[in-house]
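Student: Listed below, chain by chain, are the residues.
Protein chains: 2
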Amino acid sequence: MVLEDDVLKKISPTPERRKAIQGSVNSLLARTKEEADKEGLGLRVSLVGSVAKDTFLREPDIDIFILFPETVSRDRLEAVGLAIGKRILRVHEERYAEHPYVHGEWDGLEVDLVPCYQISDTALLRSAVDRTPFHTKYVQSHLREEQKGEVRLLKQFAKGIGVYGAEAKVQGFSGYLLELLVMKYGNFREVLEASAAWTRGTALSLEGEGTKKFDEPFIFYDPVDNKRNVASALSPNCLALFIFASQAYLKGPSELFFFPRQRKPLELDVIRSMLDERGSGLLLVRMERPALIDDNLYPQVRRSLDGICALLSSHDFRVIDGAYHVAEDLSFVLELEELVLSRGRRHSGPPAWIENASSFLERWGKKGLSRPFLEGGHWMVVAPRDHPSADDLIKVKLYTAALGSDIRKHMAAEVLMGAEVLTEENRPLLSALLDKRMSWEV
Amino acid sequence: MVLEDDVLKKISPTPERRKAIQGSVNSLLARTKEEADKEGLGLRVSLVGSVAKDTFLREPDIDIFILFPETVSRDRLEAVGLAIGKRILRVHEERYAEHPYVHGEWDGLEVDLVPCYQISDTALLRSAVDRTPFHTKYVQSHLREEQKGEVRLLKQFAKGIGVYGAEAKVQGFSGYLLELLVMKYGNFREVLEASAAWTRGTALSLEGEGTKKFDEPFIFYDPVDNKRNVASALSPNCLALFIFASQAYLKGPSELFFFPRQRKPLELDVIRSMLDERGSGLLLVRMERPALIDDNLYPQVRRSLDGICALLSSHDFRVIDGAYHVAEDLSFVLELEELVLSRGRRHSGPPAWIENASSFLERWGKKGLSRPFLEGGHWMVVAPRDHPSADDLIKVKLYTAALGSDIRKHMAAEVLMGAEVLTEENRPLLSALLDKRMSWEV
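Protein chains in written order, with the numbering used here: chain A, 43 to 484; chain B, 43 to 484.
Next up, chain A with everything else stripped away, as it sits in the complex (with noise of 0.2 Å):
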């Protein structure tokens, strides 16, 4: 198809290009051998990732992990790992998955120094990163030569529609299982063909399903490890999102599946209009951001946005929809039905012929919009909302909602409601909340 020969021209490294990273590769792999070894522990270095795996596109991660001998303490290795790092790396940075690794630059290309242990088998393994080298292999000697356009093609797609990666920010799709999928298929049509069939629950595999049982919404068990499931990052709308444009693409295909175009921020007349057609209103929180990496920080994010429509739920609000936008601070905005509800609000009580009845009656007795009354044998009365605006209710009673832990450290908040939450600054926020147009749609 020529539509994806052309995408495939643009995202496949040129031969000058490849020809440069293998060089910056090598001579990175020299230095990092030269370092290691000075540490005389019997080290070894290895490349692994993508360009391991020749299924990277234009601008790749260089992955570098240095084997550490089981002998090693843990201590020791992330000590050792981190030094060598620094010694190699001139810009860097410590950054934490499972354990701590360097990451920074070599000849302008970012790299990853990992250091793991080399073990003989996955079932030995000590941390998930153990497992990395054993996947460069397995699709180094199992993807064929000519599947490593398709799953580049895949890759941009998966990019392009806004789920490649299994980082909590994106909750989406890893490479490795991007590759595998390609593995199972054949080539990219196939894998979007196929997953039209797919549902939540779907368990796939390429050297036969494990025992394990997964709970999650999607299920590859890793073909060198069969008791883990390379897709368990996948969200359920990524896993949606990627079924649905599938189907799109399939239909109609476009280079705009792989290279969205940048969204302007909706116009505020727009917003206005919008808001106007549907009667509802808009209420914003605005909080401190804490200095957390992204994967802390955006599974808090999302916990602070339910926990704060749930407050609001459970104080009546009918919330249309939600959403929150990462920047210098973190911003939630909600739509609502209704930003002030009736002060009055029908309030049950216990039936006439219980004990403590009384106790309803005098507590309501002072503080009721109406005496008590029975219905149907129970007592009933009009009661008050203490919060009856949106706004109110957030200010006082934002520290009762389920927040990410880091996000709650961080209370003060400023929070507007109404015709206040129109302004420029906030169109990023509210274009996240009201654009809902799929990537590739103009």
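Please keep in mind that the hints were generated in silico from the structure rather than gathered at the bench. There could be a bad hint or two in this list.
Copies of one chain are not kept apart here, so a pair can be met inside one copy or by any two copies together.
[What the hints assert, rightly or not] Below, computed lysine-lysine pairings styled on DSSO-like, alpha-carbon distance capped at 27 Å:
no., residue 1, residue 2
1, 408, 478
2, 439, 201
3, 478, 409
4, 293, 408
5, 306, 409
6, 293, 409
7, 306, 408
8, 80, 51
9, 439, 306
10, 128, 254
11, 80, 293
12, 408, 451
13, 409, 437
14, 451, 269
15, 409, 211
16, 179, 255
17, 451, 306
18, 478, 179
19, 75, 409
We have chain A already, so just place chain B on it with the hints.
Tutor: Same frame as chain A, but now just chain B:
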């Protein structure tokens, strides 16, 4: 107790009045016997009810039963029974309980002339009214002389708090049930005290409980027929009100329990300020009153009120309270948290991996106030409400509500909302909704 002595003096017939009633009853019995004898069917005539039991209040109904041998057919009994009644009572009307009887006037007293079968045992009864002579005999032989005043007090108490009468309009305590309660507990005060321990499902008896189980709020096994619950017509609410009023009376006795002040309907200003404080709104539905006797009308009216509430709730309106008023027409009034909802509402669709997701997309892609979007793997959309305004909903959809069957026939309704409802004419209806003072409260 002086208070109760005073009340008893007011409600008991004076010796003169008692004598006058006895005279009227004797002449009516003689006249009825005379007319009955003309039929040559061996009919007997019997005084039953509160006059026969000497538990009547100042203005009693006279209940005279014409007892037919069991050999007479049901049709014949009805025809002959009505004919006799019409010959005796100048001003009269036919009425229907389980079967027809004649209601009219004699010497200025209200009279019911009721044909029934003369049976030897309640096990052989052919219609519900056949039991009445047995009830009369039971009370005559078991209620002690000094308890008659206690019954009168209890009847007046029940009347004062609005729970006297088993008819559908009231759903309260029948005279017979109150007599049984006095026999059970001894006197007026003991009944009130005992009620503190009553609960939903309390079962009482004088001659031992029957084997039949009743799923009714309150059970008193009929001493003349223990397969019957004397309290079968009692609603949970009348039960609750009796229990509550009893305890309130015992704590602070007052003539107001027996003789409540007539309430004036609330002033419109008062109504307006109550609603302002609550921030709620009113919806009025006025319908034609079908030509039914009260026993058939009231159940339908209550069912209709429930049906209107259910219709509103199922369209997201939050109903705080509702009331009806029966006059020349039927009026229903609902207090709602909001009279107009947002046009947009959240609408959940199928998961994206379900076959029929496409029909959701097709439908809402056109009709939606947003594009369909994915959330947690499910399709969602901001859908437009067809009837965001409560009055519009009722105008268009009232025919779908679970109304009383005869009320449903006259569907043309007047529907008013908000300030439109606050008229002089509607004050009684609005007071039925908003004036929650107990009858004995000032």
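Student: Determine for every hint whether it applies to the structure shown.
Tutor: Here's how the hints hold up against the structure:
no.	hint	result
1	408 - 478	between (48 Å within a copy, 14 Å between copies)
2	439 - 201	neither (39 Å within a copy, 49 Å between copies)
3	478 - 409	between (45 Å within a copy, 15 Å between copies)
4	293 - 408	between (66 Å within a copy, 19 Å between copies)
5	306 - 409	between (51 Å within a copy, 25 Å between copies)
6	293 - 409	between (62 Å within a copy, 23 Å between copies)
7	306 - 408	between (55 Å within a copy, 24 Å between copies)
8	80 - 51	neither (42 Å within a copy, 115 Å between copies)
9	439 - 306	neither (35 Å within a copy, 43 Å between copies)
10	128 - 254	neither (40 Å within a copy, 88 Å between copies)
11	80 - 293	neither (58 Å within a copy, 94 Å between copies)
12	408 - 451	neither (37 Å within a copy, 44 Å between copies)
13	409 - 437	within (23 Å within a copy, 36 Å between copies)
14	451 - 269	neither (37 Å within a copy, 67 Å between copies)
15	409 - 211	neither (47 Å within a copy, 32 Å between copies)
16	179 - 255	within (26 Å within a copy, 76 Å between copies)
17	451 - 306	neither (33 Å within a copy, 58 Å between copies)
18	478 - 179	neither (41 Å within a copy, 80 Å between copies)
19	75 - 409	neither (77 Å within a copy, 63 Å between copies)
Of the numbered hints stated above, those contradicted by the structure are hints 2, 8, 9, 10, 11, 12, 14, 15, 17, 18 and 19, listed in ascending order.
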